[in-house]
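Asker: Okay, here's what each chain looks like letter by letter:
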Amino acid sequence: MKWGLLLGMSTLVGLMIMYEWPKLKSLPKKDKLSFFVLVFIGWFLSLFDLPNLPGPTSMIESLFKPFSKMLE
Amino acid sequence: MLETGKISALQLGMIIYPVMMSTAMLAGPNVMAKAAMNDLWISPIWASLIGFLCVYTTHQLYAKYPQKTFIEQSEEILGKLFGKLLGFFYVCFFLQLNGFIVREYADFISIFLIKTPLSLISGVLVLVCAMAVMGGVEVVARSAQFFFPLFVIPLLVMIGLIFPDLEPRNIFPILGNGLIPSLKGAITPQGWFSEVFLISFLMPFLTDEKKGKRYGMITVGLVMISMIMVNLVTYFLMGEATGRILFPVMDTARYVSVADFFENLESGVMAIWVIGAFVKVSMFYYATVLGAAQWLNLTTYRPIVLPIGLLTVIFSFWGLPNLAVVGDLHLLVIPVLLVSFCCLIPVILLVISAFKKSNTAYKGAGSG
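Chains as they are written, first to last, in the numbering used here: chain H, 681 to 752; chain D, 19 to 386.
Hints listed in this document are in silico derivations from the structure and should not be mistaken for laboratory results. Heads up, a few of these hints could be off.
To be verified - No farther apart than 20 Å at their CA atoms in a straight line, the calculated lysine to aspartate or glutamate pairs in the EDC-like style are these:
| hint | chain 1 | residue 1 | chain 2 | residue 2 |
| --- | --- | --- | --- | --- |
| 1 | D | K86 | D | D226 |
| 2 | H | K712 | D | E21 |
| 3 | H | K745 | D | D346 |
| 4 | D | K24 | D | D183 |
| 5 | D | K86 | D | E185 |
| 6 | D | K24 | D | E90 |
| 7 | D | K229 | D | E156 |
| 8 | D | K374 | D | E94 |
| 9 | D | K202 | D | D269 |
| 10 | H | K710 | D | E21 |
| 11 | D | K52 | D | D226 |
| 12 | H | K703 | D | D269 |
| 13 | D | K228 | D | E156 |
| 14 | D | K86 | D | E258 |
| 15 | H | K710 | D | E90 |
Said to hold, decoys possible - Now the stretches of chain D that chain H is said to cover, found in silico as 3 or more residues with beta-carbon under 8 Å:
| hint | stretch |
| --- | --- |
| 16 | 107–118 |
| 17 | 229–241 |
Yeah, the Cβ is synthetic: ideal placement off N, Cα and C, and Gly gets one too.
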């Protein structure tokens, strides 16, 4: 794990929350919750070495490869 | 209503044109020349059929369920549970696709900005797009409208400057190997053409709804003509080498040398590409944000703009270690994904909704 990345992402996320909070305050609970859940997912994912992990693209690839082979 | 802005049908066309054209302009001739060789100018005609079909389906769905985007339509057609499930897939699809587009953009820009990290290039683009998306559909439309001439005119100027060096005999023999090579060349552009499906997320906000379909069709036609033009010009200039050069339009621009004054126009191509990528990414971004907000039944989509931007940047790295993998996906897998999500599933939903309509009419008659 790279500590610099963790620190950078946490700062970014912190800034984002600070920027959005004044507008977010008056909104219903559901809006606040979705904002924080999405931010948390983003922050959490950024901690991994993503480029070398299998991701949605790998799933798509294995799903659609047979079709594209057919087309070739 | 999540969105209160209104746009005109012409603006819709001006958004969709760069969305379909920006990638095609840069890598298109290479992709099509690989499979179709000198018949590369026929491939866009085949591919555009998918585009016309997409506009037709999207418009039919919209006519059945007016004032609704695809995410809401699918809920009406498939019922709450399956509709939500499909909506989730669509939001993820848009997110991943947008990430992929951002990645392609960053990979291309990093040819020029060698030492800049990819994350910074994509982060800056997404931040600019986030500002447009936060302003709502009107801002997205107006920025597209403002950039439209800047996107089209330099391309025409470049073609004008290169004109004396063209060698039209390069395209012979026409259909020398039959129709198959040109059809194979149409596989990747089909994906770009099916992106016209995004009008589903713009149609509810049109001031002149009736023109939406017409402008969608016109845009697909114009994109087809522009693609043919770009393909022909690059092939007239480079001949068989088109299939081996990664970004042929860049090299075409590099070739321009008029009166020792107009030289090194590839920076102009880069500028056009940045404009195109901005419009494309902001449109996909807007569709993702609006789709997610409708899927979650939020009161406003503005708070989730930045988190989705963060996710877009993350998705632009996830599972994509290098340019080779990105290029490989771009050729076959992404087009198949695009065609199935933007064309096949909407067609299936249209068929289901046709059955459903007659069903409810029958029920209504029975109870009445």
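Asker: Taking the hints in turn, state whether each one holds.
Answerer: Hint by hint, here is what the structure shows:
| no. | hint | verdict |
| --- | --- | --- |
| 1 | D:K86 / D:D226 | holds, 15 Å |
| 2 | H:K712 / D:E21 | holds, 19 Å |
| 3 | H:K745 / D:D346 | holds, 11 Å |
| 4 | D:K24 / D:D183 | violated, 46 Å |
| 5 | D:K86 / D:E185 | violated, 50 Å |
| 6 | D:K24 / D:E90 | holds, 19 Å |
| 7 | D:K229 / D:E156 | holds, 18 Å |
| 8 | D:K374 / D:E94 | holds, 10 Å |
| 9 | D:K202 / D:D269 | violated, 24 Å |
| 10 | H:K710 / D:E21 | holds, 18 Å |
| 11 | D:K52 / D:D226 | violated, 42 Å |
| 12 | H:K703 / D:D269 | violated, 48 Å |
| 13 | D:K228 / D:E156 | holds, 19 Å |
| 14 | D:K86 / D:E258 | violated, 47 Å |
| 15 | H:K710 / D:E90 | holds, 19 Å |
| 16 | 107–118 | holds (count 3) |
| 17 | 229–241 | violated (count 0) |
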